[in-house]
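A.B. asks: One letter stands for each residue in the lines below.
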Amino acid sequence: MSEAREFKHIGQRTIRPDGFDKVTGKANYGADLSLPGMIWGAILRSPHAHANITKLDVSRAEANPDVLAIATFEDFPSVNAAAQRDGTQRDGMMDTACNILANQKVLYHGHAVAAIAARSEAAAIAALDLIDIEYEVLRPVLSIDDAISAQAPILHETMMTQGLAEPATKASNISARMELKKGDIEAGFAAADVIVERAYDTPTVHQGYIEPHATTVVFNENGPSMIWCPTQGHFDVRARVAQLLNLELGQIKVVASEIGGGFGGKTTVYLEPVALILSRKSGRPVKMEMSRGDVFRASGPASASQSLIKVGAKMDGTITAMQATLHYEAGAFQGSPMGPGCMTVFTPYDVENLYVEGFDVVVNKPKVAAYRAPGAPQSEFAAEMAVNELAKKIGMDPIEFRLKNAAKEGTQTIYGPKLKVVGLEACLEAAKASPHYNAPIPENVGRGLAAGFWFNIGGQSSVIINLNPDGTGTIIEGSPDIGGSRASMQMMAAEILGVAPSSLNPIVADTEHVAYNQTTGGSRTTFATGMAVVEAAEDIVEQLKARAAAMWNVTAEQVDFKDGVAHNLTGEDQLTLADICASAEKTGGQISGRANINARGAGPSFAVHICDIKVDKETGKTDVVRYTAIQDAGKAIHPSYVEGQFQGGAVQGIGWALNEEYVYSKDGIMENAGFLDYRIPLASDLPEIEAIIVEVPNSFHPFGVRGVGETGIIPPLAAVGTAVAEAIGQPISSLPCSPPKILKLLMSAQ
Amino acid sequence: MEVQLAGILSQAAGGARCVECTGATIGELLQSLVLRYPEMQMHLDEGVAVAVNGEIYRDRRDQPIPNNADVFLLPRIQGG
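Chains as they are written, first to last, in the numbering used here: chain X, 1 to 750; chain G, 1 to 80.
Please keep in mind that the hints were generated in silico from the structure rather than gathered at the bench. The reader is advised that the hints may include incorrect statements.
Here are the simulated lysine to aspartate or glutamate pairs, EDC-like style, with alpha carbons at most 20 Å apart [claimed, not checked]: (1) X/Lys741 with X/Glu671; (2) X/Lys408 with G/Asp70; (3) X/Lys181 with X/Glu352; (4) X/Lys182 with G/Glu2; (5) X/Lys170 with X/Asp146; (6) X/Lys418 with G/Glu2; (7) X/Lys420 with G/Glu55; (8) X/Lys310 with X/Asp350; (9) X/Lys408 with G/Glu55; (10) X/Lys181 with G/Glu2; (11) X/Lys314 with X/Asp184; (12) X/Lys744 with X/Glu661; (13) X/Lys181 with G/Asp70; (14) X/Lys314 with X/Asp350; (15) X/Lys418 with G/Asp70; (16) X/Lys404 with X/Asp470; (17) X/Lys418 with G/Glu55; (18) X/Lys432 with X/Asp470; (19) X/Lys562 with X/Glu542; (20) X/Lys393 with X/Asp316; (21) X/Lys741 with X/Glu618; (22) X/Lys420 with G/Asp70; (23) X/Lys545 with X/Asp470; (24) X/Lys562 with X/Glu572; (25) X/Lys621 with X/Asp685; (26) X/Lys253 with X/Asp510; (27) X/Lys26 with X/Glu211; (28) X/Lys182 with G/Asp62; (29) X/Lys418 with X/Glu671; (30) X/Lys281 with X/Asp66; (31) X/Lys621 with X/Asp677; (32) X/Lys666 with X/Asp677; (33) X/Lys741 with X/Glu661.
One chain only, chain X, in its complex shape (with noise of 0.2 Å):
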């Protein structure tokens, strides 16, 4: 990687080169892929939030015509009664049947209890009414504070807690506790000379992606079965049902149809699995859909949160302290984000005393998926809103504050390691110097600043580059494209071969015509896969050096390749690309080049936004009329995605802080699955959200790259939270912001 570099490419806004498809609208998503002979599939889902299955018989469903196939917890062969029984049940796949498919006990409001196939939609649905089940009704535990108390009715009977200091010996709802700590906290907090200390919450929301899960599942007994489906890991989703199924990973082949939104909510299976049962059984391609509301109900939302943070600092702006006790809540089954909730929270700071303690706390609500930096939004919202307060107490600039204390290169984590060279410092000067920050604050607006951190991830990622005769090729990747990668692709492989982007055309392949990626997420796939198109690029130029060597009669060491042509170092020749490719059938065969990589060194990444907030202190609706995403892409490929991400993140997280949250009745009935209840963002909400790229390279990847995808959601919560408080001169502790709450702060302060 050289900073120094100069880039014909790389940095360029390109069109992206599958805009055209969707923006026409003939780029196939999950539900459109319809097949000859095809029935639907429906699912029967509990009306309540925790009960005892007593009773379900499909026998009268099974007799009517229509129906041709009916599915059960007892149809996952690799988890069930008979599987139990004889000791061959898999490890850690009976959380992930029990949340497709109910086994005894429903744990939520939505969830899945069994699931018809019929000739029709509408025969699918009107069967469901033909299945006799009764419930055992449960008092349901809808909150961390219930759950965690004695009373609490237990979730799972056999769940003990993990990472006590000694054995739990009954049944919790606290599935794990997670301790981290560096320095000695009561010194700490005794060297202080002001502390904040304040509990905060956030609510469960949705990643709310426009497009609902969906599949089309065709079963073959003689050949791989084909699941066709809107994901973010389509080799994850081969995986999972595989495990599900006892089936060969070679007897399953996945498409991953384009997708519309992930976010981190298509990183797990639902419908899949039990569309390839229905398929199995009834001999048919089977398609499922979700409706928006089945979406909101039934797949997994992110953690609601409570934090306890304590911040001291000296007066001179020195933090000599931080602790935090952090409750997420992971849903119905075990696994919230905990962990890297409690290794994230205090990451932006360089800080010798931290203490942190997580907790993972079931509760009958849907179990939780990833959600864009799953872990950190929730934690480091507490944090930056501790630290907000704390640098108004001691009278300092909140840029100043952060500078006193940033993390930079050698700074030792909570976790473990030190930081390599990361852009905090970098994001916080862009802070300073920018127009917004700079301009002064308008009447009856509020400020606020955040930063957020998140690791970024690696891993594996194949690429196959195939040459055409003419020089134009074609990019094989293995990555869902769901925030522009594409392009990306296209553009790191042409500047290493030295073509137009345009003519490579980047395609998502099957998991039979290209080889295991992990899923995208973690912004890993710009970084990750772009490397392995970097490799496979590489490979090809080596190639194109000994076919131009052999048309020449002189070794490969005598040629160079640059700029999409070789020259022959021992004359004046000159072969293009496409001239060596159009003489490839003479010197050996057609060009194609691949990489197959685990990529280490992925780049932190730190942001730091700005919100501008005007409250109406009559009705409490907020307007955000200013804000600011500022982030460290490391070196930005595509410099408009990378600005979309930043921008989409400061959106979703603006939802996050001022309306979304999950509306439940006492008895756990979910009162506002759908978007007109579930108040996301629109575009006519917000005012342009300004994106400040700061490229600070990550030295591992060679172009410079970090991830962008996911550190953009964690600042706003913090951002917005401190802008409202500063508008209304009330602390903010819990969100949203929304109105009744921030009228029940007003209405409190008179």
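For chain X, the structure is supplied; the task is to place chain G on it using the hints.
C.D. replies: Here is chain G on its own, set in the frame of chain X:
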């Protein structure tokens, strides 16, 4: 070498935050950890990451570990 155990992983080692292990690669290190602390296998099955001199590795069992390296065993970091 000394291996620092983060959070819940230390409980699998009887509460120890730092344990002595051997191994020239990440794979050998994890093997040595499980031999000494069998409860660690559950966490390895769920997935862990290993930080060597500040660099975090997932699924890189062939990665060499230099002498006197700072080594941390971490819960696996996923993403959204």
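A.B. asks: The structure should be examined with respect to each hint, and the outcome stated for every one.
C.D. replies: Now for the hints, and whether the structure bears them out:
no.: 1; hint: X/Lys741 with X/Glu671; verdict: 18 Å, holds
no.: 2; hint: X/Lys408 with G/Asp70; verdict: 18 Å, holds
no.: 3; hint: X/Lys181 with X/Glu352; verdict: 10 Å, holds
no.: 4; hint: X/Lys182 with G/Glu2; verdict: 17 Å, holds
no.: 5; hint: X/Lys170 with X/Asp146; verdict: 17 Å, holds
no.: 6; hint: X/Lys418 with G/Glu2; verdict: 16 Å, holds
no.: 7; hint: X/Lys420 with G/Glu55; verdict: 8 Å, holds
no.: 8; hint: X/Lys310 with X/Asp350; verdict: 16 Å, holds
no.: 9; hint: X/Lys408 with G/Glu55; verdict: 15 Å, holds
no.: 10; hint: X/Lys181 with G/Glu2; verdict: 18 Å, holds
no.: 11; hint: X/Lys314 with X/Asp184; verdict: 16 Å, holds
no.: 12; hint: X/Lys744 with X/Glu661; verdict: 17 Å, holds
no.: 13; hint: X/Lys181 with G/Asp70; verdict: 17 Å, holds
no.: 14; hint: X/Lys314 with X/Asp350; verdict: 14 Å, holds
no.: 15; hint: X/Lys418 with G/Asp70; verdict: 9 Å, holds
no.: 16; hint: X/Lys404 with X/Asp470; verdict: 57 Å, violated
no.: 17; hint: X/Lys418 with G/Glu55; verdict: 8 Å, holds
no.: 18; hint: X/Lys432 with X/Asp470; verdict: 51 Å, violated
no.: 19; hint: X/Lys562 with X/Glu542; verdict: 12 Å, holds
no.: 20; hint: X/Lys393 with X/Asp316; verdict: 12 Å, holds
no.: 21; hint: X/Lys741 with X/Glu618; verdict: 12 Å, holds
no.: 22; hint: X/Lys420 with G/Asp70; verdict: 13 Å, holds
no.: 23; hint: X/Lys545 with X/Asp470; verdict: 17 Å, holds
no.: 24; hint: X/Lys562 with X/Glu572; verdict: 14 Å, holds
no.: 25; hint: X/Lys621 with X/Asp685; verdict: 12 Å, holds
no.: 26; hint: X/Lys253 with X/Asp510; verdict: 7 Å, holds
no.: 27; hint: X/Lys26 with X/Glu211; verdict: 15 Å, holds
no.: 28; hint: X/Lys182 with G/Asp62; verdict: 30 Å, violated
no.: 29; hint: X/Lys418 with X/Glu671; verdict: 46 Å, violated
no.: 30; hint: X/Lys281 with X/Asp66; verdict: 14 Å, holds
no.: 31; hint: X/Lys621 with X/Asp677; verdict: 16 Å, holds
no.: 32; hint: X/Lys666 with X/Asp677; verdict: 18 Å, holds
no.: 33; hint: X/Lys741 with X/Glu661; verdict: 13 Å, holds
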